[in-house]
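Peer 1: Let the sequences and hints guide you as you build the complete structure.
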Amino acid sequence: MNSTFGNLGVTLAVTASLAGFVTSAVGLMRRRPQLVRFGPVFARMVLVGAIVAAIAMERAIITRDFSLAYVAKVGSTKTPALYNFAAMWSALQGSILLWGLVLAGYTVAVVRRFRKRLGDPLVAWALTVMLGVCTFFFLLMAGPANPFLRLAVPASEGTGPNPLLQNHILVAFHPPILYLGYVGFTVPFAFAIAALITGRVGEGWLLETRRWTLFAWGLLTLGIVLGAWWSYEVVGWNGFWGWDAVENASFLPWLTATAFIHSVLVQERRGMLRVWNLSLLCATFSLTILGTFLTRSGVVESVHAFSGGSIGPWLLTFFGITVALALGLMAWRGDRLRSPGAFDSPLSREGAFLINNLLFALFAFVVLLGTVFPLIIEATQNKRVAVGRPFFDAMTMPIGLALLTMMAIAPVLPWRKASTELLRDRLFWPAWCGVGALALSVVLGGSGVAALVAFTLGGFAAGAAGRQLVLATRRQGLRGLVGRANGGMVVHIGVILVAVGLAASQSYARTSDVSLKPGESTVFGGHTIVYVGKDVVETKQSRAERARVTIDGVEYAPAQVLFNSNGQIVPRPSVRTRPWGDVYLSLAKPVAADGTANLQIVLNPLIMWLWIGGLVMGFGTVLAMFPGRKRRLATDAASAPIPEPRPHAEPDPVLA
Amino acid sequence: MTDQLADVTPNDAPDDMPTIATRRPLAPYLALGLALLIAGFVILLARAPKGDAPESAATPLLNAAAPNLTGKTMNGDTFDLASRRGSWVVLNFFSSTCTPCREEHPALVEFYDAQAAKPPESRVELVTSVFAQDEAPVRKFFAEQGGGWPVVFDPNNAAALAYSIAKVPETWIIDPFGVVRKHVITTLTAERLELLISQLRAGVPNP
Numbered sequence: 001m002n003s004t005f006g007n008l009g010v011t012l013a014v015t016a017s018l019a020g021f022v023t024s025a026v027g028l029m030r031r032r033p034q035l036v037r038f039g040p041v042f043a044r045m046v047l048v049g050a051i052v053a054a055i056a057m058e059r060a061i062i063t064r065d066f067s068l069a070y071v072a073k074v075g076s077t078k079t080p081a082l083y084n085f086a087a088m089w090s091a092l093q094g095s096i097l098l099w100g101l102v103l104a105g106y107t108v109a110v111v112r113r114f115r116k117r118l119g120d121p122l123v124a125w126a127l128t129v130m131l132g133v134c135t136f137f138f139l140l141m142a143g144p145a146n147p148f149l150r151l152a153v154p155a156s157e158g159t160g161p162n163p164l165l166q167n168h169i170l171v172a173f174h175p176p177i178l179y180l181g182y183v184g185f186t187v188p189f190a191f192a193i194a195a196l197i198t199g200r201v202g203e204g205w206l207l208e209t210r211r212w213t214l215f216a217w218g219l220l221t222l223g224i225v226l227g228a229w230w231s232y233e234v235v236g237w238n239g240f241w242g243w244d245a246v247e248n249a250s251f252l253p254w255l256t257a258t259a260f261i262h263s264v265l266v267q268e269r270r271g272m273l274r275v276w277n278l279s280l281l282c283a284t285f286s287l288t289i290l291g292t293f294l295t296r297s298g299v300v301e302s303v304h305a306f307s308g309g310s311i312g313p314w315l316l317t318f319f320g321i322t323v324a325l326a327l328g329l330m331a332w333r334g335d336r337l338r339s340p341g342a343f344d345s346p347l348s349r350e351g352a353f354l355i356n357n358l359l360f361a362l363f364a365f366v367v368l369l370g371t372v373f374p375l376i377i378e379a380t381q382n383k384r385v386a387v388g389r390p391f392f393d394a395m396t397m398p399i400g401l402a403l404l405t406m407m408a409i410a411p412v413l414p415w416r417k418a419s420t421e422l423l424r425d426r427l428f429w430p431a432w433c434g435v436g437a438l439a440l441s442v443v444l445g446g447s448g449v450a451a452l453v454a455f456t457l458g459g460f461a462a463g464a465a466g467r468q469l470v471l472a473t474r475r476q477g478l479r480g481l482v483g484r485a486n487g488g489m490v491v492h493i494g495v496i497l498v499a500v501g502l503a504a505s506q507s508y509a510r511t512s513d514v515s516l517k518p519g520e521s522t523v524f525g526g527h528t529i530v531y532v533g534k535d536v537v538e539t540k541q542s543r544a545e546r547a548r549v550t551i552d553g554v555e556y557a558p559a560q561v562l563f564n565s566n567g568q569i570v571p572r573p574s575v576r577t578r579p580w581g582d583v584y585l586s587l588a589k590p591v592a593a594d595g596t597a598n599l600q601i602v603l604n605p606l607i608m609w610l611w612i613g614g615l616v617m618g619f620g621t622v623l624a625m626f627p628g629r630k631r632r633l634a635t636d637a638a639s640a641p642i643p644e645p646r647p648h649a650e651p652d653p654v655l656a
Numbered sequence: 001m002t003d004q005l006a007d008v009t010p011n012d013a014p015d016d017m018p019t020i021a022t023r024r025p026l027a028p029y030l031a032l033g034l035a036l037l038i039a040g041f042v043i044l045l046a047r048a049p050k051g052d053a054p055e056s057a058a059t060p061l062l063n064a065a066a067p068n069l070t071g072k073t074m075n076g077d078t079f080d081l082a083s084r085r086g087s088w089v090v091l092n093f094f095s096s097t098c099t100p101c102r103e104e105h106p107a108l109v110e111f112y113d114a115q116a117a118k119p120p121e122s123r124v125e126l127v128t129s130v131f132a133q134d135e136a137p138v139r140k141f142f143a144e145q146g147g148g149w150p151v152v153f154d155p156n157n158a159a160a161l162a163y164s165i166a167k168v169p170e171t172w173i174i175d176p177f178g179v180v181r182k183h184v185i186t187t188l189t190a191e192r193l194e195l196l197i198s199q200l201r202a203g204v205p206n207p
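Going down the list, the sequences are from chains A and B. Take 1 as the starting number for the first sequence in our numbering and just add one per residue. Take 1 as the starting number for the second sequence in our numbering and just add one per residue.
Note that these hints are calculated values from the structure, not bench results. Possibly wrong hints are sitting among the right ones.
Restricting the straight-line Cα-Cα distance to at most 30 Å, the calculated cross-link-like pairs of lysine-lysine (DSSO-like) are [unchecked claim]:
#  : chain 1 : residue 1 : chain 2 : residue 2
1  : A       : K517      : B       : K72
2  : A       : K589      : B       : K182
3  : B       : K118      : B       : K182
4  : A       : K589      : A       : K540
5  : A       : K589      : A       : K78
6  : B       : K182      : B       : K72
7  : A       : K417      : A       : K517
8  : A       : K534      : B       : K118
9  : A       : K517      : A       : K534
10 : A       : K589      : B       : K72
11 : B       : K140      : B       : K72
None of these values were measured; they are calculated from a predicted model.
Peer 2: Here is the structure:
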């Protein structure tokens with residue numbers, strides 16, 4: 001029955017999205033408003049279909065209906081309820097179902113938000129594009145990634161989700177949040193395509209989609225940070241980011257979207273960078289598809305790619321179509337898009353945004369290159385190489401520091417043109433904050449050029465962000481914390497916290513591998529670590545062999561967990577978290593027969609601020625989405641060129 | 001809004017903006033260039049081998065007599081694979097320029113060290129055959145990374161040709177009768193290698 005309802009839901013969603021896409025597109029091209037009017041109806045039907053399918057899948061998983069191939073793969077009678085619920089998105093087909101559900105939700109949200117303007121060709125085209133994307137994803141579900149396939153002989157028990165996905169409460173939240181971000185970029189992409197098709201390439205559509213982009217960006221940020229945190233807390237490798245293909249797949253659109261939310265301000269204020277902004281939106285969306293292809297088709301090696309399935313060619317084709325459509329439209333409309341304004345001075349807000357964008361684009365290029373480099377080498381030289389952390393760390397650190405520098409200077413720059421006196425005046429306090437941060441880190445024993453540079457720039461940038469917030473709150477009270485400029489500064493402070501946590505934990509982490517017999521102790525980094533003894537905790541699904549260890553008298557228990565379902569052994573770390581630094585314990589091997597425990601002790605200074613910074617970024621995004629101080633119209637006289645005396649200019653006809 | 005520039009910039013500028021019409025069209029060329037670049041990229045991706053290809057490659061040599069490997073080892077001894085009959089041999093084709101080989105190395109060291117702890121009759125011999133490479137970098141690599149097993153410089157890549165080596169690392173498991181029992185084309189771990197050999201010893205069929 002679950003299979004029947006699920007297939008019914010998928011069929012409804014496919015049919016409705018295809019029908020909606022075709023009728024809207026035909027209606028728009030033939031100028032038949034009566035056809036266009038069906039778009040929103042179909043959009044709602046798609047959502048109904050997606051919800052029916054998702055409920056059918058959850059019902060199958062909760063009732064342990066092992067007649068479904070997917071449930072037999074990810075479900076198990078031994079999985080606890082929460083992880084069982086989250087099992088829906090623990091493998092390929094179910095994650096596509098989640099994608100479809102989120103996408104359908106966004107489509108209906110667009111319909112609701114613009115319900116008074118559905119006849120407007122711009123909105124109607126955007127809806128058409130979204131229905132087109134829906135068509136693709138529900139076709140995937142109907143065809144190569146069908147989550148409702150039945151087994152010929154129902155299984156009596158499933159294997160359960162990957163043990164790593166049954167370890168931490170974050171599993172239930174990280175993927176949906178990430179998908180809300182990832183899929184959310186479909187909305188601005190749809191409006192970008194609509195603007196290109198209708199030729200209404202002014203700034204109107206940007207204002208409409210700015211908040212959608214921010215919403216998606218904030219959730220993607222939160223999703224990435226939660227993923228890193230999960231990785232640190234759950235997988236005993238003392239790391240939170242490994243430049244793995246799946247991580248890069250979520251990071252690439254984040255980079256281009258971050259570039260966009262900065263450069264879009266230039267377009268709003270000055271009417272410039274239009275082609276660039278459209279390209280960034282198209283790139284962001286295409287990169288979500290490309291990332292999904294890379295991680296779901298098995299072409300790149302990854303620790304957490306979902307293998308199997310034949311959806312690779314589908315995704316690659318869709319990526320090709322997306323890029324071709326975007327480029328074709330831009331070739332057609334591009335010259336109309338060229339801006340009437342021009343840059344006056346590199347030392348201006350828009351100049352800083354341009355540099356920021358070039359840095360983000362370079363960042364994205366480096367990450368993409370590192371991700372696909374093994375493929376290029378394999379294709380051209382028939383050799384196998386792996387691109388690892390050294391490449392990414394070496395390439396991205398200077399870009400990161402350059403971005404921090406921009407973050408320190410850009411917020412104080414005025415639009416159009418800055419004078420040196422003004423800069424000296426406005427950068428005075430931020431610069432002292434930087435010097436203060438440097439002095440503080442040296443006093444506290446900081447060393448190493450890269451880390452000290454990062455701390456200095458962090459202080460500098462925090463000063464610049466703080467200056468803006470102080471000025472704004474002084475003028476407007478608490479309202480000075482909302483709106484995009486001020487909320488953006490809160491996001492900046494989050495980024496700075498992340499940067500500081502990153503620099504400190506990467507530069508000053510200390511590791512010690514010790515072998516201790518019960519009762520023995522060791523002192524590391526001022527902490528007394530005593531190995532009390534081992535114990536075993538057995539549950540229905542796993543058997544954890546724990547080493548009971550005290551850190552300065554408080555007990556912790558890193559473990560080796562054996563999962564019954566597939567016999568996989570996973571080290572589970574135990575972390576003492578403090579604002580000034582974590583003590584990270586993991587049990588490298590099972591406790592030996594003579595009772596010796598091989599413990600890895602890692603001191604990670606300031607690492608907690610990575611997660612706090614991520615939350616601050618999310619919070620700042622919320623603040624930025626509130627309407628701020630009333631602004632002037634999108635493009636007003638600010639786009640007019642600065643009159644400047646030209647020595648060889650024609651005599652002014654009016655004055656002459 | 002009275003001035004002309006401000007007039008055309010807000011939402012939905014008309015087609016014929018005088019400041020823009022005079023510029024030469026650029027967008028089609030840029031778009032075309034990008035399109036070619038991305039098309040190349042898509043072709044590259046489409047042709048990329050899928051990672052879920054079986055790690056154990058079919059080979060005509062499976063269950064056939066293992067081609068011989070003779071040559072000088074790193075220590076200057078003469079090595080002859082045929083003389084190793086009677087014990088299980090793990091033959092690893094290696095190049096110090098290949099990243100996966102370098103990543104695999106610690107696993108091989110662990111595997112080799114584990115053999116010493118076993119009773120002599122159940123030890124497995126490990127042999128490295130250097131694939132298409134000069135001696136110096138290999139010597140340097142083993143000096144730095146360790147590994148006390150025979151490292152054979154395969155003269156004229158004769159053995160590599162006989163085994164049809166395409167991409168290192170490739171690992172072949174040869175039984176005491178000199179018969180190829182397994183061909184593995186991914187990087188291995190010590191546990192996996194032990195498991196494979198114990199399965200082969202016990203006659204467990206594995207794909």
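Peer 1: Each hint should be assessed against the structure and marked as holding or not.
Peer 2: Quick rundown of the hints versus the structure:
Between A:K517 and B:K72 the alpha-carbon distance is near 46 Å, which puts this suggested pair outside the 30 Å criterion. Only pairs whose Cα atoms come within 30 Å are accepted, and A:K589 paired with B:K182 is accepted, the gap being roughly 29 Å. Our distance criterion of 30 Å between C-alpha atoms is met by B:K118 and B:K182, whose separation comes to about 22 Å. Between A:K589 and A:K540 the CA atoms are separated by roughly 23 Å; this keeps the pair inside 30 Å, and the hint holds.
For the hint pairing A:K589 with A:K78, the CA-to-CA distance comes to about 26 Å; that is within 30 Å, so the pair holds. For the proposed pair B:K182 and B:K72, the alpha carbon gap of about 25 Å is at most 30 Å, so the pair holds. Note on A:K417 and A:K517: the hinted pairing is violated, with a Cα-Cα distance of about 68 Å set against a maximum of 30 Å. Note on A:K534 and B:K118: the hinted pairing holds, with a Cα-Cα distance of about 28 Å set against a maximum of 30 Å.
At roughly 10 Å between alpha-carbon atoms, A:K517 and A:K534 fall within 30 Å of each other, so this suggested pair holds. Taken as a hint, the A:K589 and B:K72 pair is broken in the structure, with Cα atoms around 39 Å apart against an allowance of 30 Å. Between B:K140 and B:K72 the alpha-carbon distance is near 17 Å, which keeps this suggested pair within the 30 Å criterion.
Going down the numbered hints, you'll see the structure goes against 1, 7 and 10, while the others check out.
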